[in-house]
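There are 2 protein chains.
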Amino acid sequence: MSLLTIGTVAFDDIETPYGKAEKAIGGACTYASYAASYFTDNIRLCSIVGADFPTEEIKALENRGVDMEGLQIKQDGLTFFWAGKYHQNMNQRDTLATDLNVLDDFDPVLPASFKDSKYVMLGNLTPEVQMQVIKQLDGSQKLVVLDTMNFWMDIAMDSLLEVIAKVDVITINDEEARQLSGEYSLVTAAEKIHKMGPKYVIIKKGEHGALLFSEGKIFAAPALPLAQVFDPTGAGDTFAGGFIGYLTHTDDISFENMKKAIMYGSCLASFCVEEFSIEKLRNLTNDDITERMNLFKEMTHFDL
Amino acid sequence: MSLLTIGTVAFDDIETPYGKAEKAIGGACTYASYAASYFTDNIRLCSIVGADFPTEEIKALENRGVDMEGLQIKQDGLTFFWAGKYHQNMNQRDTLATDLNVLDDFDPVLPASFKDSKYVMLGNLTPEVQMQVIKQLDGSQKLVVLDTMNFWMDIAMDSLLEVIAKVDVITINDEEARQLSGEYSLVTAAEKIHKMGPKYVIIKKGEHGALLFSEGKIFAAPALPLAQVFDPTGAGDTFAGGFIGYLTHTDDISFENMKKAIMYGSCLASFCVEEFSIEKLRNLTNDDITERMNLFKEMTHFDL
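Residue numbers (this note's numbering), protein chains in the order written: chain C, 1 to 304; chain B, 1 to 304.
This is chain C alone, in the form it adopts within the complex (with noise of 0.2 Å):
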C-alpha cells in the first residue's frame, strides 16, 4: 500500500543536559517518514523547505524509498526553523525560536500520482492547510491519520473541528485530549472525540505510553523506561510515522493489528530518543526492531 505524509521538514537547535545539536535535521514530516520506512518503501512525503535545506538529506530520504515529488523548495525562503532547550526532567522544554519562513505561505499541492494514497499521515501544521490536503485526496483512502496540538485549540478551535470530523485516527497528548474533550477522564475524553469524528483515539503519554481507544475496547502501550533519554525531539512523530508504516504495510485495520502498530510505533520512538536528532532513526536494522519488540512483549505480557 502507499502512504502520504504530510507536515514539517525542519531545522532545529537543540540543547538537552547531554548536549547541543544547532541546525539539526528535524520536521514531523521527517520524523514520521524515517520511521515509517522501515515497513514501506511506498512513501510520498508533502512539505515545504528552503534553498538553504541540504540536497543529501533530500537524497537519504529517497533511499529510503520516500518519493519527494511532492516537496517544495523555494529558492528564495529558508526552512522552518525551531529551537528548543529540555529540562533536566526531559519532560519539560522551552521553545527559544520559532522562525516559520517557508511554511509561513505553505500551499500543498499534491502531485496527481500521490492523490489515491491509502493511507495518509496529517502532521501537526495549521487545520487549514491540513484540510487543503484532505481536500485534494481522491477519497480512496482506507486512513487517514491526524495530529495535532494545544496551539490550535486555542487559537483555530473552528477549523480544528472541521478537519477532525473527516479523519478516522487522532493522536494527541493526554492533556490535549482533556482541552479537546473538557473531560478530565481520559475514558470519558476518548468517547467525546469519537463523537467529533475519529473511530480511533491514540492519547500519548509520553514516558507513560501511549492508549489506544476504539468501541468500546482499550490497549495500553508502556513506552521503554530508558536510562537516559537523550533527545525526546520527534519521539511523538516516530511513534505516529512507525504506527502507520506498519498499518500501510500490513494494510490490516482492525484492532488487533493497531495493537502491533502501535507497539511498533513505540518501539521505534524508543530508538529516536537515543540520539540527537534523527540520527538513531537513519540506520536501524530489521534486527534492532525485532529485539526490541520481543523487549516489549516480555515488558507487557502474563500468562493467566
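Just so you know, these hints were derived from the structure itself, not from any lab. Note that the structure is a prediction, hence the values are computed from the model and not measured. All residues carry an ideal CB built from backbone N, CA and C; glycine is no exception. It cannot be assumed that every hint is accurate.
Here are the simulated lysine to any residue pairs, SDA-like style, with alpha carbons at most 20 Å apart [unchecked claim]:
| hint | chain 1 | residue 1 | chain 2 | residue 2 |
| --- | --- | --- | --- | --- |
| 1 | B | K297 | B | I218 |
| 2 | B | K260 | C | L304 |
| 3 | B | K195 | C | L226 |
| 4 | C | K217 | B | F302 |
| 5 | C | K205 | B | G206 |
Short derived list, chain C residues pointing at chain B, Cβ under 8 Å [unchecked claim]:
| hint | residue |
| --- | --- |
| 6 | M149 |
| 7 | N150 |
| 8 | H208 |
| 9 | P222 |
| 10 | A227 |
| 11 | F302 |
Here the structure of chain C is known, so what remains is to put chain B in place on it, guided by the hints.
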C-alpha cells in the same frame, strides 16, 4: 502459605468531587488484608485500634480469613484518624487532619504463631516500628515487602535505609523513587535502590500503572483507565495486598509469577477506587476478578 500484614487500621473522612464519607473504615493494613483475602485465607494482621473501632469490622475481617490475634485494642484510646479532600482531577489531595491517636505509641507485638509467616507485608509506618516487626520474625520468611513514603525519607532517612536493607521488595511511587535514589530516570533509580537491598523494586505511577524491576528485567503494568474514579484512597495498599496475596497463594516468587501478581494487584486496585472506602472490596466474586483480569490481558497483549 501464610501472610503477615502490618500497618494502620483507621477511620477516614473522605471528600471527593462525587461525595463525602465520614468515619469510613480505612488504613493500609485494612485495604491490603481485604485485597489479599481474595487469594488466601491464611492472613495474620498486626495493628492497633482504639475502643471506638467497631467489633463488626473486626469480625468482617475474620470472616475473610484474617487472624486478628495481633490486633491490639487500646481501651482508653481512639483509632488513628485521617481526613482528606481530593481535587477535581483526583490525582491531588489535601490532608485535612491526621490524628495519630493510638498509633502514637504503637509497640507491635507479634503473637508467637505469627513469627513464621512466609510472606510479610510491612505497610507504611515509621521505619522504627517496621524494624521492630522485622526483629520479631523467626528468619524463615520467603519474601518481605516494604511500603514507605516520602515523609520518612524527609525525617528518618537513616532508619529507613536500615529497614530497606532488610527487605526483598520495596513499593514506592515514582517521585519517592527519585527522592530515595537522587536519580530522575526510573531505570537508574531502580538500579540504585537494588543496591540498597531490595531485589525487587516496584514503582507505582497511579493512573499510569506500575513498573517492576529485577535483575535488569522490567515489567510494565497499566492501570485500568476508568470513566470515573470514585475514591482513590487505599488504591496503593490494595495493589500491594493483591500482589502479596497472590504470591502467598501460589508460593512462587519467580519474575514470571511476580508479573501475574502485579496484574492481580492492579486488578484489585481498579475495583477499590470504584466506591468509597473498602466497600467494593468487601464482596467481590471470583468471576469479577477473572473478568477484569481478562480485560487487562486484552488491554496489554499483542501478537508478534
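Worksheet item: Are the Cα atoms of K205 (chain C) and G206 (chain B) separated by 20 Å or less?
Response: holds, 13 Å
Worksheet item: Any CB of chain B closer than 8 Å to the CB of M149 (chain C)?
Response: Since chain B brings no Cβ nearer than about 21 Å to M149 (chain C), farther than 8 Å, the hint is violated.
Practice prompt. Please verify that hint: N150 (chain C), Cβ, nearest Cβ of chain B, below 8 Å or not.
Written response: violated, 17 Å
Fill in: Hint consistency between K217 (chain C) and F302 (chain B) [alpha-carbon to alpha-carbon, up to 20 Å]
holds, 14 Å
Discussion item. Restraint: A227 (chain C) near chain B, CB-CB cut 8 Å. Satisfied or not?
Written reply: holds, 4 Å
Worksheet entry | Hint validity - F302 (chain C) Cβ closer than 8 Å to any chain B Cβ | This interface hint holds because 4 Å falls under the 8 Å limit.
Worksheet item: Can H208 (chain C) be said to touch chain B, with a Cβ gap under 8 Å?
Response: Hint holds; H208 (chain C) Cβ to chain B Cβ min 4 Å, cut 8 Å.
Item to complete: Would you mind confirming whether the straight-line C-alpha gap from K260 (chain B) to L304 (chain C) stays at or under 20 Å?
Response: Holds, because 7 Å separates the two Cα atoms, which is no more than 20 Å.
Fill in: Supplied contact hint for P222 (chain C), tested at 8 Å Cβ to chain B
holds, 4 Å
Discussion item. Please verify whether K297 (chain B) and I218 (chain B) have alpha carbons no more than 20 Å apart.
Written reply: holds, 17 Å
Worksheet item: Are the Cα positions of K195 (chain B) and L226 (chain C) separated by 20 Å at most?
Response: holds, 18 Å
Going through the hint list in order, the structure does not satisfy hints 6, 7.
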